[in-house]
Structures are given as C-alpha cells and as structure tokens.
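Participant: As a plain string of letters, each chain reads:
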Amino acid sequence: MESLEEIKARIEAAVPGAKIDIVTNGGPSQQHSLRVDNEHACDVAKWLRDDPALRLDFCSNVTGVDWLDRTVKKTVKVKKVVDGEEKEVNETTEEKIPGHIEAVYHLYSMTHKHGPVIIRIRTSDRVENACLPSLTPIWRSAEFQEREIFDLYGVKFDGHPDLRRILMWDEFEDYPMRKDYREPDDYEYEPTPHDDVLERAKPYYTPRPQIDGAESIVEGSKPT
Amino acid sequence: MSATVETLEAMERPPVSMGSRLEGELLEVSMGPQHPSTHGVFRMNVALEGEVVRKLKPVFGYLHRNHEKIGENVSYLGSMPYTDRLDYFCSMTNNWAYALSVEKLAGIEVPERAEYLRVILAELTRLQNHASLLGFLLNDMGAWGTPLMYAFREREKILDLFESLSGSRMMCDYMRFGGCRVDASREWLAYAKKIVDRFPRFVDELEQLIVGNEVVIARTQNVGNVSPELAVSAGITGPMLRACGVNYDVRKVDGYGFYPRFKFRIPLGEHGDTYDRLMMRVLEMGESVGILKQAFEQIPAGPIINPKVKIRAFRPPVGEAYGRIEAPKGELGFYLISDGGTNPYRYRVRPPSFINLTILEDMCLGHTVADVMVILGSIDIVMGEVDR
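These protein sequences, in sequence, are chains R and U. All the letters of the first sequence, read from the start, carry residue numbers 4 to 227 under the numbering used here. All the letters of the second sequence, read from the start, carry residue numbers -6 to 381 under the numbering used here.
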C-alpha cells in the first residue's frame, strides 16, 4: 500500500478544498492517521472507498475519543525593568486548548487485502457543536457504531438514517463515556410522593415528650 | 456445495405476498428479551404482515455494563480477566486479541512457544464455539436437545482441557502481554492431541445430521440471503462473510501469530444463505483440526513469556494501536490509546457479533417469524459481547 503522504497528496488532488493533516503516532505500532475536515469528510471517504488503487471498502472499527479542555503552561524568560534594574523574569502564560470529541475510522480493503488507513474527524467543541457528518451512507458498518458514539459520547451525526440510543435506555440523559461524566448515586431515582407527604404531615405532628436535654427531631418545635 | 431441493422448496416456502385478510395491516410484535432462542437478553421489534416480517428493529443493551469505561479505569493487565466476559464462549480468543493489541501498543515480542500455544488454544476455542453454535442452531430449528447435547459432549472435552491448563473452564484469563500464563505440560499436549484426533468423527457425525437433512435444507436454504456487496459494506466478518463467497480471513490477511506457518484453506460459500453459514462452521472445524495437528507436531520447547515485560507499573509509550484477530465469530479488534500512564486513555472493543447484527433486518425482510429465529441463530451472537 502507498504511504500516507502519497494518499494525502492524491486526496487533495481529487477532492478540491479538502484539508488533510497527517497525525503521527509515536508509539511502536506506527499506525499514523489522517485528520479530515468535517465539510469534506464524506467526499474524502467516498473517494477512499472508490479509488481503484485503494478500494477501502471495509470500515472495520468506528469509535469516539474524548479529549478534554487542556491548559498548557508556557514559561518564557522576559526582560523587565524592576526597580530601575533590568532583570530576567520568568513569565508564565496559560493557553487554553479547547476539547473536542474525535471519531476514528479504521479502514481496510477486502479487495486488495491491505490496511489499515485510519481517518479521524473531530467536533469543534464538546458541548454545543458536538456534530459530525455521518459516514454511514458510505460504509454501512458505521451504522451501529456511530449510534454507539451518539449514545455514549453525545455526538450528533448528520445524515445518519436512524440516530437513537443503542446501549443505554432511551430516557437516559448523560453520555457515560465522556471523561468528565459523573455517575448518579441512584440510576433509577424517581421523585416519590413520600417527600411531599412528609412535608404536609409536619404541622399535624405532635412532638413526643423528650427526655431532658434531648433535641426534638422535628425542627422548630422545642420541648416545653 | 449446497444441494437445492426444488420440489421441497416450492412446497415449503410461503409466497411473499400471502394474500391474507390482514394484508396491508401491520402488527407490531416485540420478540424477546426473554425469548428462548434469542441466546440471551435480546429483543426485536417486528412489524408483521400476517406471518411475514416487514420491518425489524433490534433492541439491545440489557447486559450493558460499559466495559470500555471500566477498561479505562483499571490498569492494562486489569482488563485481561474482564475480556473473558465479553464473548464468554471464547475467552481464549478474547485474551489473545487484547494481548495482541497491547503488544502492538508497547512493541512487545512474543516467544515462539507462546505463539504456538496461542494458536492451539484459539483453534480449540474455534472448535468448541462452532460445535455449540451448530447445536444451538439445530435446537432453534426444532431438533430439541439431542444435537445440542452431542455438541456439548465434545465441547466439554475441550473445556476440560482449558480447565486443566488455566484453572477455569470458561473464564480462562490465560494470556499475558508477551506470552502466556502457564506452560502446557507434555502430558497436556498429548491429551489434547488425542482429543483433537478424535474430533473429526464428531464433525462427520454432525455433518451427516445437517447436510442431507430435509428439514434443515427446507428451513435454511434460500433463507436470509446476503449479497457479498452488502456484506462487505456492512462490515460483516467471520464465517458469515465467507458464506457470501468473500475470501477474507484475518488469519491469512494479517498473518498474526504463526498462522503463515500453517497450511489451511478458507472455506467459502456461494449463496450467502443460512445453509451456507451453517456449512461454513462445519468446514472450518475441519480446517481447525488440520491447524491443530500441525501445531502439535511443530511446537518447540522454550520460554512461554517475554521476561522483559513489566508486570507492575506497566506503562506503554504514548501512542495508539489497533490489533485484530479472527475470533470464531468474526474480526475481534481492540483499539487502545496510551497517554503514557498505567491505564489506557481509550479502550475500545470492536465486537464482531455486534456489527454482524447490523444487517439482521435486511436478512429477515420477507421471511416468516419462524425464519427470524433461524437467521438470528446463524449470525452467532453472544450478548456479553454485543452489549458490553
């Protein structure tokens, strides 16, 4: 199979306007990937599937990755005039890198038996615009896996034929695979009339005679 | 490879339009999750026209426990026993897929004997998985009990082997990064060889039960056809893909482990129907026996684990890796991202039977409710893996 640089050059020639970055992977597996911009993701995916030399017709794995907001601290030495003297002072600047959710597609070719080519698309942020183009029209195998990302990461896939929760139940509200997810104390908590009944019962409650010094269990009513 | 019985088929198959009084009226039925033939807690919302399926939506998640999140919160080795619980029929292949991915992530070499042991155990797993699947499938078709018990008799022998090696019948937790946990003694190998040598007798017996059986042919031929194009697009893998005639086996394509050293063939189907899917399993069992015989002859002496791999505070370098193997049910993959810590930053399982379920609706449309059970059985799903 050709190298990622060649694939990138050919995509940029075939799909005008597509912005492709090579994401290098420093680990021993050396599985580098291509980051594709959201507007051209569908065209690029279609090209990858249909190109006769690549024929990446088998989308094996689709998954989401949550990257939280990060703050990177940079320390720079700056010359400043302090008390009339010129001194070198360390100045720290904080840079906020906004988080995003990434969808990673592992593509193989069943025709030519090569792969993987990994493409990644990312949302612009984690809260309001967690939207990505769906690649289900191109690879049917993404159907359930994109639904799973929607379910567990809360990414909306535009163009998905049937975007519903798949593993969690429909009434569930949060997205459990996000890194900042806090699990509820009680998954099945429902407000019961019990609390209201107690509240309404309070005025009619006659406090028990208390032993000296003991506090009453009902607020506001002191033992006489 | 599949003999068509035209007269029977013409008799048995209901015409797609049944011309019933209910025509045009759809009845929505919820099948499952406690239906005996759904192999666990799996539900299908089926819209029926008379007896014919017009729409089908699978519903699952009843066994969901967010395996991936748990995997992100424990150390790399801590997930190893939990992978047994994914596809609880094939814990050995689950272990291997996970170990393979971590080995890719951290660049770990595996000693030769360990690779042979892995091949032996994976193929034994394949034998027992396919045997019990065929038993369950015949059970679903109405052959109550007997074929299943035949299959379980053979499966039990293999599970005994697993138990004597790893200490557990189904939750083996046998593999480690860079090798295996315990060595197989010479006696164990001799005993395993004996069981494998006798296995073809059972395969032949089962084949005889299936191949010419009129009921099986009537219930499975031309039921749940999948075209190769749809199968490739939908990411179907394993015996289900090869039943459509697509020659794709990760053992051959990736050549992981020592599979390139063994001679074996990939059985291929023609029609992509349920009968072909059934026969794929029968034929693959024959090939697995062949691999096992070669492995027993070739297995060298030597260490079974790479001594350089740290057990405590195991920290793979920053990076990511996707490793996959040919599990009995299809391509099982693990995708791991390391941020240099002791826990994976992202731990993803690519379960084969979850993705094979994508085209359940396409296979069932136009067939009767009774066929849905057979089609579902032939996909070979395990809910521990589908729901994770």
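None of these hints come from the bench; they were simulated from the model. The structure presented is a predicted model; accordingly, all values stated were derived computationally and were not measured. It cannot be assumed that every hint is accurate.
[Unchecked claim] Here are a few chain R residues that sit away from chain U, every Cβ distance over 12 Å (derived from the structure):
id, residue
1, 22
2, 30
3, 60
4, 91
5, 130
6, 169
7, 189
8, 208
[Stated by the list, open to error] For lysine to aspartate or glutamate, the following DMTMM-like pairs were computed, each having C-alpha atoms within a straight-line distance of at most 25 Å:
id, chain 1, residue 1, chain 2, residue 2
9, U, 62, R, 177
10, U, 303, U, 263
11, R, 99, U, 332
12, R, 11, R, 53
13, U, 245, R, 54
14, U, 48, R, 174
15, U, 50, R, 173
16, U, 48, R, 177
Just so it is clear, CB atoms sit at the ideal spot from N, CA and C, and this is done for glycine as well.
Participant: With a cut-off of 25 Å on the C-alpha distance, tell me whether residue 303/U and residue 263/U pass.
Facilitator: violated (48 Å)
Participant: Are the Cα positions of residue 99/R and residue 332/U separated by 25 Å at most?
Facilitator: holds (19 Å)
Participant: Would residue 30/R pass as off the interface with chain U, using Cβ distances and a cut of 12 Å?
Facilitator: violated (2 Å)
Participant: Does residue 174/R lie within 25 Å of residue 48/U when you go C-alpha to C-alpha?
Facilitator: holds (24 Å)
Participant: Can we trust that residue 91/R is non-interface, i.e. its beta-carbon lies farther than 12 Å from all of chain U?
Facilitator: holds (32 Å)
Participant: Hint check: residue 11/R vs residue 53/R, CA-CA at most 25 Å. Holds or violated?
Facilitator: holds (15 Å)
Participant: Would you check the hint for residue 50/U and residue 173/R, treating anything up to 25 Å between C-alpha atoms as holding?
Facilitator: holds (15 Å)
Participant: Verify that the Cβ of residue 208/R lies farther than 12 Å from every Cβ atom of chain U, and report whether the claim holds or is violated.
Facilitator: Given that every Cβ of chain U is farther than 12 Å from that of residue 208/R, nearest at about 44 Å, it holds.
Participant: For residue 169/R, is the shortest beta carbon distance to chain U beyond 12 Å?
Facilitator: Label violated. Min Cβ-Cβ 6 Å, cutoff 12 Å.
Participant: Given the hint that residue 48/U pairs with residue 177/R, does the C-alpha gap stay at or below 25 Å?
Facilitator: violated (30 Å)
Participant: For a C-alpha distance cap of 25 Å, please report whether residue 245/U and residue 54/R respect it.
Facilitator: Within the cut-off at roughly 24 Å; holds.
Participant: Under the criterion that the straight-line Cα-Cα distance not exceed 25 Å, is the pair residue 62/U, residue 177/R satisfied?
Facilitator: Roughly 14 Å between the alpha carbons, so the hint for residue 62/U and residue 177/R holds.
Going down the numbered hints, you'll see the structure goes against 2, 3, 6, 10, 16, while the others check out.
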